Amino acid sequence: EAGVAQSPRYKIIEKRQSVAFWCNPISGHATLYWYQQILGQGPKLLIQFQNNGVVDDSQLPKDRFSAERLKGVDSTLKIQPAKLEDSAVYLCASSPRAGDSYNEQFFGPGTRLTVL
Amino acid sequence: SQQGEEDPQALSIQEGENATMNCSYKTSINNLQWYRQNSGRGLVHLILIRSNEREKHSGRLRVTLDTSKKSSSLLITASRAADTASYFCATGYGNNRLAFGKGNQVVVIP
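Which chain is which? The protein sequence lines are A and B, in order.
For the first sequence, the working numbering gives the first residue as 1, with consecutive numbering after it.
For the second sequence, the working numbering gives the first residue as 1001, with consecutive numbering after it.
Since the hints were made in silico from the structure, they are not lab data.
These figures come from a predicted structure and were not determined experimentally.
Any given hint might turn out to be false.
[To be verified] Cβ-to-Cβ under 10 Å is the rule here; a few derived chain A residues that face chain B:
1. Gly3
2. Tyr33
3. Tyr35
4. Gly40
5. Gln41
6. Gly42
7. Lys44
8. Leu45
9. Gln48
10. Gln50
11. Asp100
12. Ser101
13. Tyr102
14. Pro109
15. Gly110
Idealized CB from N, CA, C, for every residue including glycine.
Using the sequences and the hints, build the whole thing.
What follows is the structure in structure tokens.
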């Protein structure tokens, strides 16, 4: 079974530029998550999709971050404009069953973003 | 806060020894999960324990959960060099959401 795919793996940009990350979850997984992991910390949930609807985006900085999940499959996360403090690894995860509180989450390799 | 806090934050042990990590949290949970992260394999799920369970085993892993003390422990028995990684506890809440702790760096010396 193929895992969660993410691209690009690395990205370096200047502050105030825009950047987009792409995620392809495990086939058939209903729920998709984006996390931000700053160096030395645990992942922090940014947004949760169930199928193609947003379940939780309470920790997404909506003035600069946006995300969508087209047709309930792939997802993109965008930052516009980027700030220095956005430097982090952005992780995408998926879990199989919607409405089940006991799912494990499957993580992709992440995109390491450096903002200069 | 929903997130867990691991203790100790860093642990260095000899291969073959046991490693124990603790996690505390502050709010009610559906379940508690442990994940491992290393550069080779990214973030990988290890074990899930439900809020109505007290102990769970998986291979060389043993997890306990004490909801009255809002704490959990992860025991890795007979550690191997390949167990060198960061270990995160994550509290499960709401509609399958996770809040991760800061992580616990474990180094197993061959």
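Restraint satisfaction for Tyr33 of chain A [CB to CB of chain B, less than 10 Å]
holds, 8 Å
Holds or violated: is there a CB of chain B closer than 10 Å to the CB of Gly3 of chain A?
holds, 9 Å
Close enough to count: is the Cβ of Lys44 of chain A nearer than 10 Å to one in chain B?
holds, 7 Å
Hint check: is the beta carbon of Gln48 of chain A less than 10 Å from a beta carbon of chain B?
At 6 Å from the nearest chain B Cβ, Gln48 of chain A passes the 10 Å test, so the hint holds.
Given hint Gly42 of chain A near chain B, where the shortest CB pair must fall under 10 Å
holds, 3 Å
Would the hint on Gly110 of chain A be counted as holding, given a Cβ-Cβ threshold of 10 Å to chain B?
holds, 6 Å
Restraint outcome when Gln50 of chain A is required to lie within 10 Å of chain B by C-beta distance
Because about 7 Å separates Gln50 of chain A from the closest Cβ in chain B, which is inside the 10 Å limit, the hint holds.
Hint validity - Gly40 of chain A Cβ closer than 10 Å to any chain B Cβ
This hint holds: Gly40 of chain A lies near chain B, its Cβ roughly 7 Å from the closest one there, short of 10 Å.
Residue hint Asp100 of chain A, partner chain B, criterion CB-CB below 10 Å:
It holds, given that the least Cβ distance between Asp100 of chain A and chain B is near 6 Å, below 10 Å.
Does Leu45 of chain A hold up as a contact with chain B if the rule is Cβ-Cβ below 10 Å?
Hint holds; Leu45 of chain A Cβ to chain B Cβ min 6 Å, cut 10 Å.
Can Ser101 of chain A be said to touch chain B, with a Cβ gap under 10 Å?
Ser101 of chain A check passes; min Cβ-Cβ to chain B is 4 Å, inside 10 Å.
Answer holds if the nearest beta-carbon of chain B is closer than 10 Å to that of Tyr35 of chain A; otherwise answer violated.
Check passed: Cβ of Tyr35 of chain A comes within 8 Å of chain B, closer than 10 Å.
Comparing the model with each numbered hint stated earlier shows that all of them hold.
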